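Chains as they are written, first to last, in the numbering used here: chain A, 1 to 237; chain B, 1 to 56.
If you're looking for bench data, these hints aren't it; they were derived computationally from the structure.
In this text, all values refer to a predicted model and were calculated from it rather than measured experimentally.
Honestly, I wouldn't trust all of these hints.
[What the hints assert, rightly or not] Once the Cα atoms are required to be at most 27 angstroms apart in a straight line, the calculated DSS-like pairs of lysine-lysine come out as: (1) K206(A) - K25(B); (2) K142(A) - K50(B); (3) K221(A) - K130(A); (4) K18(A) - K142(A).
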Amino acid sequence: MSENFLEKVKFLELRYNKFLSFINIQEQAIADYSNYFGLDEEDRYENPFYESYKTEDLIKNIRDNIISTVIRIFNKKYPNVYLCSKDFEECVSKDKHGNLELEIDFNKINLKIDDFEKRSDEFALKNLVKHSIKLIPYKLLKDENWKYRKFKKEEIVKNNKLILYSGWSYSSPNTEHTSYLLKLISVVLDNAKPSIAEENKAVHFKYYKNGRMDITFEDSKKAELVAELLEKNQEEE
Amino acid sequence: MQTKQQQGLKLINQFEFIRNESELKALSELSQQRPLDDSEYERMMELGRKVLGGLK
């Protein structure tokens, strides 16, 4: 794992552990007060230090924030890899019912990040293709019985153009998935790494009334290369 | 002070805006499933001008 992540996770760990130790401080104060004034367990609401649910809720929120911060730090370096908090669920301690508790295993987080970093290109390519395939015209993905079928690259390539379908979004062309396709194009044509690829700016767009979207390349070979990658990586629904 | 007539007109305008907005949303969701025909396309553009304004 790169030095960069290790340092940042260590920074988070040191601060978070201070919050965890606050629970001990509070418990100690509750016990001290009870001993001093001779209170029973039932009288705990008289105890001025008794606010345990609130403290737990606060630390739970901070725990969730820390997981999303780790994801954000990862995404800054690898913007095309999609992670969610569920990917890091194993790193949080659980009680016997499977509910998440407060402790975070930061060593496990390091291992996870290491793993994601090694496989970042694989994950990113999957993510880019998954979104780009949504631009394939729906008729090419369904057979006559409305079952899923795989499309062939000849169906979307026409000379130096890719014939795709974008549809409309509030009276302007829907650009929800185009960014992913542009990144995929730079992976194919400029040999960019999928995890950090940026949008290709050398292609030309044209939108039609019926939702069709044409992407024009410099020559037909480039269009074929992109279509080939999409054809090869499509997955059954 | 607004008269009752003005208040009523304001309510009608608000209602029309919400209605137009949801029709526009429905049309753009429909366009994700199949190409729009000419009348649907023109309706969408008209609603776009009404709801979003601008030079579209």
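Results for each hint:
Of the supplied pair hints, the one linking K206(A) and K25(B) holds, its CA atoms being roughly 23 angstroms apart against a limit of 27 angstroms. Of the pairs offered as hints, the one joining K142(A) and K50(B) is violated, with about 36 angstroms between alpha carbons and a cut-off of 27 angstroms exceeded. The straight-line distance between the Cα atoms of K221(A) and K130(A) is roughly 23 angstroms, inside the 27 angstroms bound, and the hint therefore holds. Distance check on the hinted pair: K18(A) and K142(A) sit about 56 angstroms apart at the alpha-carbon level, beyond 27 angstroms; violated.
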